[in-house]
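Undergrad: Residue numbers (the working numbering), protein chains in the order written: chain A, 1 to 236; chain B, 1 to 278.
No lab work stands behind these hints, which were simulated from the structure alone. Be aware that a few hints might be false.
[Stated by the list, open to error] Which residues of chain A face chain B? A partial, calculated answer using Cβ under 10 Å:
(1) 60
(2) 64
(3) 100
(4) 124
(5) 144
(6) 183
(7) 192
(8) 196
(9) 197
(10) 201
(11) 202
The beta-carbon is built from N, C-alpha and C at its ideal position, and this holds for glycine as well.
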Amino acid sequence: METFVTAFSEAGALLVSFDADFLSIVGLSLRVSLTAVAIACLIGFPLGTLISLARFPGRGGAVLLLNTFMGMPPVVVGLIVFLLLSRAGPFGVLGLLFTPTAMIIAQTILVTPIVAALTRQTVEDLWAEYGEHLRSLDAGPLTTLSTLIVDARFSLTTAVLAGFGRAIAEVGAVMIIGGNIEHVTRVMTTAIALETSKGNLSTALGLGIVLLALALAVNAAVQLINGSAARRAALA
Amino acid sequence: MVIRAALAALMLLTTGPAIANDDRPLLLGTTTSVDNSGILKFLMRGFHGDTGIEVRTIVRGTGAILQLGRSGDFDIILVHDEAAERAFVGEGAGATRNLVMTSRFLIVGPAEDPANVRSATDAPTALVRIAAGKHRFISRGDDSGTNTAELRLWSQANIDPRAASGLWYRETGSGMGATLNVASAMTAYVFTESGSWANFSNRGDLEILSIDGPGLRNPYGIIPVNPTRHPHVAADAARRLVDWLTGPAGQTAIAGFRVNGEQPFQPASALPATPANR
Numbered sequence: 001m002e003t004f005v006t007a008f009s010e011a012g013a014l015l016v017s018f019d020a021d022f023l024s025i026v027g028l029s030l031r032v033s034l035t036a037v038a039i040a041c042l043i044g045f046p047l048g049t050l051i052s053l054a055r056f057p058g059r060g061g062a063v064l065l066l067n068t069f070m071g072m073p074p075v076v077v078g079l080i081v082f083l084l085l086s087r088a089g090p091f092g093v094l095g096l097l098f099t100p101t102a103m104i105i106a107q108t109i110l111v112t113p114i115v116a117a118l119t120r121q122t123v124e125d126l127w128a129e130y131g132e133h134l135r136s137l138d139a140g141p142l143t144t145l146s147t148l149i150v151d152a153r154f155s156l157t158t159a160v161l162a163g164f165g166r167a168i169a170e171v172g173a174v175m176i177i178g179g180n181i182e183h184v185t186r187v188m189t190t191a192i193a194l195e196t197s198k199g200n201l202s203t204a205l206g207l208g209i210v211l212l213a214l215a216l217a218v219n220a221a222v223q224l225i226n227g228s229a230a231r232r233a234a235l236a
Numbered sequence: 001m002v003i004r005a006a007l008a009a010l011m012l013l014t015t016g017p018a019i020a021n022d023d024r025p026l027l028l029g030t031t032t033s034v035d036n037s038g039i040l041k042f043l044m045r046g047f048h049g050d051t052g053i054e055v056r057t058i059v060r061g062t063g064a065i066l067q068l069g070r071s072g073d074f075d076i077i078l079v080h081d082e083a084a085e086r087a088f089v090g091e092g093a094g095a096t097r098n099l100v101m102t103s104r105f106l107i108v109g110p111a112e113d114p115a116n117v118r119s120a121t122d123a124p125t126a127l128v129r130i131a132a133g134k135h136r137f138i139s140r141g142d143d144s145g146t147n148t149a150e151l152r153l154w155s156q157a158n159i160d161p162r163a164a165s166g167l168w169y170r171e172t173g174s175g176m177g178a179t180l181n182v183a184s185a186m187t188a189y190v191f192t193e194s195g196s197w198a199n200f201s202n203r204g205d206l207e208i209l210s211i212d213g214p215g216l217r218n219p220y221g222i223i224p225v226n227p228t229r230h231p232h233v234a235a236d237a238a239r240r241l242v243d244w245l246t247g248p249a250g251q252t253a254i255a256g257f258r259v260n261g262e263q264p265f266q267p268a269s270a271l272p273a274t275p276a277n278r
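I would like the entire structure built from these sequences, with the hints used as guidance.
TA: The following block contains the structure:
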């Protein structure tokens with residue numbers, strides 16, 4: 001119980017200290033995860049929409065695969081990316097192992113299926129609702145696509161947030177790929193693992209509380225933006 | 001045209017890292033025990049101050065570090081499994097092995113010591129007592145240097161603890177810190193090392209029970225990854241780190257390092273100059 005009490009005071013102390021080391025860890029966590037989510041959206045939105053609207057042989061299999069990849073264990077993704085980027089691997093010459101870039105690559109692979117799969121479901125539901133209407137208007141594929149995506153934008157933020165939640169919370173991939181190097185690849189989750197391994201349980205929990213607060217802030221910001229945008233859309 | 005451009009890009013990629021060898025930070029692969037104790041940060045700060053070379057460290061068990069060293073993912077490694085280190089150099093993966101420092105292996109356990117490890121004259125005797133009473137013992141089980149040393153002592157005691165795996169013998173498959181956390185939570189016996197123990201805060205009811213003895217010395221060797229096999233390694237900077245750590249500056253720093261008043265590491269220069277220490 002004492003650990004919990006100490007943890008809250010440590011979290012508070014960390015937040016108000018503006019300690020340079022601590023801020024660089026928080027900054028890197030956000031930079032890696034937000035970049036990965038952005039790239040995942042660039043791939044996942046079109047991919048999900050495409051799979052929801054296109055009719056091709058093996059589509060059922062593609063949907064199944066996409067849904068399965070949502071549950072891909074971070075440690076497995078970490079291992080695969082590690083083997084690819086290791087000096088002994090095919091992309092070893094790039095020297096990317098143990099860099100933030102490598103961590104972004106791994107998290108992008110983790111997040112893309114989540115964004116794509118949730119996009120597919122959202123767009124498919126919308127299509128069931130408006131498909132008839134769009135067809136009667138003789139809308140071309142491009143108009144159909146853009147209409148659906150614009151209409152789905154509020155539901156799609158859930159896909160983005162789910163992806164962000166996955167990225168910011170995972171430790172398995174970034175630990176293997178980044179190596180938890182101080183000032184270079186140490187993020188919130190790997191710092192928590194490190195403090196736990198030193199037996200500094202209250203510091204570790206304090207970092208965990210800060211991480212939760214960070215996720216809360218990002219979600220609140222998105223909800224705020226979404227809310228005001230929805231109000232504007234309703235007025236228009 | 002396209003092929004030529006692709007080739008040019010490929011050449012740029014392959015030659016790029018080789019050119020940048022001296023500009024980029026040195027990548028050091030090392031073990032949890034050195035890192036958790038805080039000595040690594042302390043020594044690398046001193047090295048950086050003297051040479052201006054930045055060192056980035058990746059921390060895993062010795063087995064994993066050797067494997068990564070083999071594939072050329074590090075410039076240099078600092079580990080503690082003498083037999084494996086000699087094999088590493090012997091097969092051409094490493095350039096030379098240099099003894100840097102030693103720490104002590106420890107048997108840590110419940111303060112009331114039901115197996116009576118405290119009165120054992122050496123480590124194998126202590127292990128025999130733990131096994132005889134089927135007292136819970138937590139092992140790393142991860143191929144690390146500490147794990148290898150522990151298994152060597154079990155075999156000296158003529159006991160195969162893995163036969164009791166999952167019963168009184170528990171293998172965490174994790175780093176030293178995680179394993180100590182498990183031992184602390186279960187108030188069990190555990191095989192650890194002075195560097196990690198000195199800096200471990202979640203001790204609970206555990207305390208040091210073993211005395212210093214044969215087989216409990218823990219030597220750390222530093223090995224530059226062989227530049228003939230992996231031309232991309234920063235060989236010059238790696239050599240300078242070896243010279244610094246084994247030279248007067250590094251050895252004095254190791255001798256002066258304290259955690260909570262304890263000195264977990266002995267510099268190699270403080271050891272008697274026997275062939276085994278080379």
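Undergrad: Evaluate each hint against the coordinates.
TA: Hint check results:
1. Violation of the interface hint for residue 60/A is found here, the shortest Cβ-Cβ separation to chain B being roughly 37 Å, above the 10 Å cut-off.
2. Here the hint on residue 64/A is broken, as its CB sits about 33 Å from the closest CB of chain B, past 10 Å.
3. Hint status for residue 100/A relative to chain B: violated, with the closest Cβ pair at about 12 Å, above 10 Å.
4. With a cut of 10 Å, the hint placing residue 124/A at the interface with chain B is violated, because the nearest CB-to-CB distance is about 39 Å.
5. Interface restraint check: residue 144/A against chain B, minimum CB-CB distance 36 Å, threshold 10 Å, status violated.
6. Annotation: residue 183/A was flagged as interfacial toward chain B, and the flag holds, the nearest CB pair being 9 Å apart, inside 10 Å.
7. The beta carbon of residue 192/A comes no nearer than 12 Å to any beta carbon in chain B, farther than 10 Å, and the hint placing it at the interface is violated.
8. The beta carbon of residue 196/A is positioned within 10 Å of a beta carbon in chain B (closest approach about 7 Å), and the interface hint is therefore held.
9. Nearest Cβ of chain B to the Cβ of residue 197/A: about 3 Å, under the 10 Å cut. The hint holds.
10. With its C-beta approaching chain B no nearer than about 6 Å, residue 201/A sits inside the 10 Å limit, and its interface hint holds.
11. A distance limit of 10 Å between C-beta atoms decides the matter here; for residue 202/A the minimum to chain B is near 9 Å, and the interface restraint holds.
In terms of the numbered hints stated before, the structure departs from hints 1, 2, 3, 4, 5, 7, listed from lowest to highest.
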